[in-house]
Structure formats: structure tokens, C-alpha cells
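So the protein sequences, as listed, match chains Y and V.
Numbered per our numbering, the first sequence spans residues 1 to 273.
Numbered per our numbering, the second sequence spans residues 1 to 273.
Since the hints were made in silico from the structure, they are not lab data.
Remember, predicted model here, so these are calculated numbers, not experimental data.
Please note that the accuracy of each hint is not assured.
With a straight-line Cα cutoff of 16 Å, these simulated EDC-like cross-link-like pairs (lysine to aspartate or glutamate) come out [what the hints assert, rightly or not]:
1) 21(V) <-> 204(Y)
2) 252(Y) <-> 46(V)
3) 252(Y) <-> 32(V)
4) 21(Y) <-> 46(Y)
5) 252(V) <-> 46(Y)
6) 21(V) <-> 54(V)
Which bits of chain V does chain Y cover? Going by a derived footprint, with three or more residues having C-beta under 8 Å, they are [as the list claims (entries may be wrong)]:
7) 15 to 23
8) 37 to 49
9) 110 to 123
Covered by chain V, per the in silico footprint, the following chain Y stretches (three or more residues, Cβ under 8 Å) [what the hints assert, rightly or not]:
10) 26 to 33
11) 161 to 169
12) 172 to 186
Ideal placement from N, C-alpha and C gives every residue a C-beta, glycine not left out.
One-letter residues, chain by chain:
Number of protein chains: 2
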Amino acid sequence: MDRERITAATVRLLDEEGLSKFSMRRLAAELDVTAMSVYWYVDTKDDLLELALDAVMAELLTGGTEAEAAPPEPAAPVAPAETVASTGAVAPTEAVAPAGADWRVRLRALASGYRSMIVRHPWASPLMGSFLNIGPHSQAFSCRLRAVLRDTGMSPAQQLGALSAVFRFVYGFGTIEGHFVRRCASAGMSQDEYYRDALGSMSERPEFVESFGSTEEIFGTQGFGGVEDLRERDFAFALDLLVAGIEAQAGKASARGPAGERTADGDPAAARG
Amino acid sequence: MDRERITAATVRLLDEEGLSKFSMRRLAAELDVTAMSVYWYVDTKDDLLELALDAVMAELLTGGTEAEAAPPEPAAPVAPAETVASTGAVAPTEAVAPAGADWRVRLRALASGYRSMIVRHPWASPLMGSFLNIGPHSQAFSCRLRAVLRDTGMSPAQQLGALSAVFRFVYGFGTIEGHFVRRCASAGMSQDEYYRDALGSMSERPEFVESFGSTEEIFGTQGFGGVEDLRERDFAFALDLLVAGIEAQAGKASARGPAGERTADGDPAAARG
DNA sequence: ACCTGAACACCGTTCAAGT
DNA sequence: ACCTGAACACCGTTCAAGT
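Work out the full structure, taking the sequences as your base and the hints as a guide.
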């Protein structure tokens, strides 16, 4: 009975039953302990949730581009013990990209990893709020993203803007996706069934059918591989948009010279090389 | 005592005290009524929250590009009665754009309006989940966005991808922004104070200071107008990224011809002109 | 048709008390 | 140092009963 075991049980319960059903009393029962003994290790429910959030953030750092990731195990691609124990050896590797690869490849890898983490743990996104000051693992992930953006050719000020854009976009995508997945599950339907129903209710509006065709036409389109495939393509397309936008901005930047508007002294691109 | 009055009181309470403090009992007290009489008009708390969500979605439709917006008042730019009554004459007009303007201008207007609505009502974003099947006002807004995207020169399939991208990105931006604003308020700090504190805790990590300078350097940078100004610029920059990405994709599309990969028969761009 | 009171099965958290 | 029981002030929702 220590903080790690409590955090692991919290993550497992949150994964299985969702944020709204999680309670201190439910957790205590799971740990075969009275309701209030958890409070010896944790000040408040919110503190515990922050610990759980930090634990799943660590999933994004298994194996790494640079050694700046987590305090323990500087280089070896070993997943944190508590996470493996809780989720049952789901070792996500999508946030890992070849160290010297093109920034586009690495950006896609980081974004995909972040997104899939949010989908794996739908309870995490409402807890993330601002990506400021929420644990060392989140900061380490942010560092990796910044390292990638340094190679885009954008000015430092543009890099900061792009950092924010990528973070928030992936957050939005993963959060909505997570909501949808959970809603399907709680309705006892497959994602395709739920999507078909939703389309059905939208087909009551005639302009919708005019734009996209009837439900049967959408599902019958050749190459339509279901909602999950659709979402995969939407995400890929959105990343294409971002990458194309970054390339355009980087072109502008190099045409006008390396200096941005916002940044002050201490150009990090120059300092790092 | 009817559904409209209940919905209006709900929106007002949610705005003032937040989603977590809202309860049926609290609402009943506000309406000077016993706890359970609300259940005569509303089946469940979740149903009521959906009503509230639909009510604030209507803010995005005041005044419009086309007459496809809300059932009442087809064209006149009049805000819905219940919203005006509840928020005290905050009549947002940001989602309105000149009808025949460039798609870039109209896209920015729609995105800004959506974002500011989310910030005005931070409780709305956790409720939005998927943008599918949540009320007629949301669908009408989606229609307007589609109408704008038709003018980008993208293929219909690309338009669908961009629709998803814009929606989810703005959602992510507004949600995180709303979280931050609320967190500052509940900590009793101004946004700049909170931001300074957060930077201070991040300055404990040396690579952060190496990249961006110390807190004093960041706040002292000429042209730094505080967090809110920073966020404004981040949002504008992110929209620039999206617009540039859309332009790049549209260029590809017109170079390869109008047909996309995903769409079936019934090309809406051709049908609408 | 509309509202109420009492009740049920929950919450997070405190606090004095046990070992 | 670690855990417990009882208690406080809350929840959403049901249901029989009032007018």
C-alpha cells in the first residue's frame, strides 16, 4: 500500500469505468481497504487525479529521441512499471520516431502518439486543461515537440505558435474522438452502428443529404472502411494541413530572414545549432 | 416556470459557478422552488445540460450568411431571448461575416466566433463531445462552415477533412483557453499572475530557460502584451497555418482535377455552383 | 397539471479514535 | 505510522402523496 500502487489502481479504474464513475470509495473498495485510508497517502481526489495523469503521460516517453525524457531510465526503452502493471502490457510506441529523421516524420509520430494516448485514456483530456505546469512527463514531451519544430526552418516565434497549434489541435482531435468512443460504448453500439444512427438523424435535414448523400450512399461508397478508417484519414489529412501550413510559414521566414516578431534575446535555434 | 426559463437559469448558473458546482438542487433553489419540481419539465440532468448547450450554440447564429440558420427569425440579427436575458446583453457578433467575402475572411470569422463562445461558456466544451447530433443550432453552424469551405477550391473529400480539422482545432484551442481562464479565476489570480507563477515553476528545468529565457526575460520582451495578447497571436498564427495548409491542398486539387478520393456521386460543389 | 416531502443510494472530506 | 467508524454536508433520482 503506497502511492504507486494507488496511482496504478486509479489509472486502471479510470480506464475501465470512466472519470464520472470513479470515486474515492470505489477506489478504496478496489484496494480492499476502508474508504478513508487512501487519504493517508494523498491529500485530495484532485491530487490523485493529477498523479494518474502524469502516469499516463509517461507512456509518451517510452524510448526517446534524446535523453531528456524521464528521471528514471535515461535511455533504455522501458515502460514505467506502474503503467504496464495497470493497463496490462499495452506498451505504446507510436510517439517514438527515428532520431535523425525528417521533421515531418517526427512531428507525425509525436502527434499520433499523443492522440492515441488521449484515446486510450479518455478521462485524461478533461484533466489536462492547459498544458502548462502539469507534471514533468508532460514537460518532457513538450521538449521533444519543440526539438522537432526547431528543424522546420521557422523563426523561434513561429515555432512557439506552431507548438501551441499542434498541441491544441491534437488535443481537440483526441478529445472528441475519445468522447465518441466512450459514447458508443455506453450506448452498447459499435462505432459504425452509432455513426449510422447519427447520420440517420442528420438525414432529416434536407441540405445534409444534398451535400453528402444519404446514409446508405455514404456507407456504400467504395473505399469507405468505417468510422475508424474515416477518422484515421481525417487525422492524417489534418496533419497534412498543419505540415503544409508550417512549410508555407517557414518559406516566408527564410525569405524575410530568421528573426521573428515576438522573441527576445537568446535565440534557441542559434544556441542549439 | 417553463423549459425556457429553466434553461436560461441553467446557463446563467453554469456561467457563474461552473459545471462542477451546478446541481439540480442548486438550480431549484435559484428558481425558488423545491428540488424535485424541475423534473416535471426535464427528464434528467443530462437532458437539461443538452438544452443549455443548444442555447449557447444559438449565439453563433445571430445574423447570418444565409437564411439556413435557426427556425425563428430567419434573417434579422436578433439574439435569442433567453441568452440575452441570462448573460446580460452580451451579444456576440463575431461569427458574422460579410456574405460575399473571401473564404479566408469568413473562415476566420466563424472560427473566432466559435472559439469565443467556448471561452465565454467554459462548461460547454466538455459537453460538446462529438459535434455530431447535438442540436439543430450546432448543425446550422456546421452548415455555414461547409458553405465557406466550398469556396476554397478543395475537392469535396478535402472539404470534409478540413471541416473536421477546423472544428477540432478550434475546439482544442477554446477548451484549453477556457480551462486556463477558469483555473486563474478559482486561484484568485489574474491571468498574467498565474502565467508568471507557471513559468516560474518551469524555470526549475534548465533546458526551458535555455530555450525561452527566464520569466523576467519573457515578460520583459518588448511587444509582450500579457497572456491574453499572446493567446490572441497564437490563435491568429494557428489560423494562418490552417489557411496556408488549405491553400496548398487546394492547389494540389486543382492541379490534379476536381475529384477527391473519398466522395461518391453527387458532387456538392458542382451542384451548388 | 403541477409541485412537495421523505427516502434511497450515493458523494468528498473531517476528525476523533483505535492499534 | 498507518488504518478505521461515525459523522457532516452534499449529490441525482424515485415515488407516493398532496393540491
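Query raised in the report: Are three or more residues of the region 161 to 169 of chain Y within 8 Å, CB to CB, of chain V?
Result: holds (count 7)
Query raised in the report: Can the restraint linking residue 252(Y) and residue 32(V) be considered satisfied, given a maximum Cα separation of 16 Å?
Result: Outside the cut-off at roughly 61 Å; violated.
Query - Pair hint outcome, residue 21(V) versus residue 204(Y) [Cα-Cα no greater than 16 Å] - result: violated (36 Å)
Query raised in the report: How does the coverage statement for the region 15 to 23 of chain V fare against chain Y, requiring three or more residues with Cβ below 8 Å from a Cβ of that chain?
Result: violated (count 0)
Requested in this report: Can you take a look at whether the region 172 to 186 of chain Y is actually covered by chain V? Rule is 3+ residues, C-beta closer than 8 Å.
Outcome: That given contact holds, which follows from 7 residues of the region 172 to 186 of chain Y lying within Cβ reach (below 8 Å) of chain V.
Query - Pair hint residue 252(V) and residue 46(Y), alpha-carbon separation not exceeding 16 Å - result: It is violated: about 48 Å lies between the C-alpha atoms, which goes past 16 Å.
Query raised in the report: Is residue 21(V) close enough to residue 54(V), meaning Cα to Cα at most 16 Å?
Result: Since the Cα atoms of residue 21(V) and residue 54(V) sit roughly 20 Å apart, the hinted pair is violated (cutoff 16 Å).
Query raised in the report: Holds or violated: residue 21(Y) with residue 46(Y), Cα cutoff 16 Å?
Result: holds (15 Å)
Query - Stated coverage of the region 110 to 123 of chain V by chain Y [criterion: 3+ residues, CB within 8 Å] - result: With 0 residues close enough to chain Y, the hint is violated.
Query raised in the report: Are 3 or more residues of the region 26 to 33 of chain Y near chain V, judged by a Cβ distance of less than 8 Å?
Result: Our answer is that it is violated, as 0 residues pass the Cβ test (under 8 Å) against chain V, missing three.
Query - Proximity test - 8 Å, beta-carbon atoms, the region 37 to 49 of chain V to chain Y, at least three hits - result: violated (count 0)
Query raised in the report: Does residue 252(Y) pair with residue 46(V) here, judged by a C-alpha cut-off of 16 Å?
Result: violated (48 Å)
In the structure shown, a violation is registered for the earlier hints numbered 1, 2, 3, 5, 6, 7, 8, 9, 10, in ascending order.
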